[in-house]
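Letter by letter, the chains look like this.
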Amino acid sequence: MSVDTGSHTDEPGAEESRQWTARARRAAESAFPPDRLLPDRQPAYMASWIYVFGVLTVVSLAWVIITGCVLAIMGPSWWHVSTAGHFVNSLHLWSVEAFFSFMVIHLWGKFFMAAWRGNRRLTWATGVISFAVSVGAAFTGYLSQQNFDSQWISTQAKDGINATGAGAVWNVLNFGQMLMWHIVLLPIAVVIIAGLHVLLVRRHGIVPPFADDERKSKETVAPPAEEPA
Amino acid sequence: MVLGALLAALINLNGSGHYIHWGFIQISVANFVVILLMIAVFVLAIVLPFPRRKGRDE
Chain A
25 MSVDTGSHTD EPGAEESRQW TARARRAAES AFPPDRLLPD RQPAYMASWI
75 YVFGVLTVVS LAWVIITGCV LAIMGPSWWH VSTAGHFVNS LHLWSVEAFF
125 SFMVIHLWGK FFMAAWRGNR RLTWATGVIS FAVSVGAAFT GYLSQQNFDS
175 QWISTQAKDG INATGAGAVW NVLNFGQMLM WHIVLLPIAV VIIAGLHVLL
225 VRRHGIVPPF ADDERKSKET VAPPAEEPA
Chain B
6 MVLGALLAAL INLNGSGHYI HWGFIQISVA NFVVILLMIA VFVLAIVLPF
56 PRRKGRDE
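Sequence lines, in order, name chains A and B. Using our numbering, the letters of the first sequence map in sequence onto residues 25 to 253. Using our numbering, the letters of the second sequence map in sequence onto residues 6 to 63.
Derived by calculation from the structure, the hints in this document are not laboratory data. Hints may be right or wrong, so weigh each one.
To be verified - Some chain A residues near chain B, calculated using beta-carbon distances under 7 Å:
no., residue
1, A71
2, S72
3, F124
4, L131
5, F135
6, V193
7, N195
Unchecked claim - FRET-style restraints, in silico, Cβ to Cβ:
no., chain 1, residue 1, chain 2, residue 2, range
8, B, S21, A, L197, 17 to 27 Å
9, A, R145, B, V39, 38 to 48 Å
10, B, F37, A, A52, 44 to 54 Å
11, B, G20, A, Q175, 15 to 25 Å
12, B, H26, A, F136, 28 to 38 Å
13, B, H26, A, Q66, 39 to 49 Å
14, B, P56, A, L197, 45 to 55 Å
15, B, N19, A, R145, 41 to 51 Å
16, B, L18, A, T107, 15 to 25 Å
17, A, N186, B, L41, 15 to 25 Å
18, A, D59, B, G20, 54 to 64 Å
Because the structure is a prediction, the values reported are computed rather than measured. Positions of the beta carbon are idealized from the N, C-alpha and C atoms, including for glycine.
Please model the entire structure based on the sequences and the hints provided.
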């Protein structure tokens, strides 16, 4: 049994539905047609190793999430004591190290390309914000180690955080609060912002080289004269 | 175990860290080496040619 929820657009000439679901669907289809969302061809200037580091960053993030989930399932008595626990704990740490290394190389590449050109400001901004939030996620991770290192870091950080006033609600000496931020709030934020960043890359494409960009802008300003018939 | 012992013999991490002091800049040797390696990877990523499949010029 089905219920008619409004006019349909499948039939030619039919009036377009103004329901929010239909409008959201049309906007999503317009912004992300399937061939743009999952393209199989890219511009020639993408053939560079520098573009690999964005993908490596996403892969490292996936490993951080996967190993973090395993640690959450098994618990501290496993990752502190058993050999397998030590291994997964180390995988979690080293995938974070790889994540930041790849992300910073990606950032260097995009900075020198001025990758915010051509209405790509939001793509750049989401990258910067995801980097900043990732620093917070890593910081709370160091506070959640339950060893002398985490004690040292938290006691060193508390004065700086308290000096900003944020310490009133964000107490780095509160282990439970830092653990919750590390395993719930910040990972959700990083995944959402990084996902938005990737979608914006799909939406606007990669930034063209400077020479190509200048040629296009000249063509826009002064279009070539038409040949006489 | 053998591999672990071999690596531990090459790089002994049991001990206080080494630091570089340059004016107000202070950085551990380990962090400095990581930054140098990242710069090296960045330069290689720009310089090295990317393998391209023949017949794909777009």
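- Query: Can you name, in rising order, the numbers of the hints this structure does not satisfy?
  - Reply: 3, 4, 5, 6, 7, 9, 17
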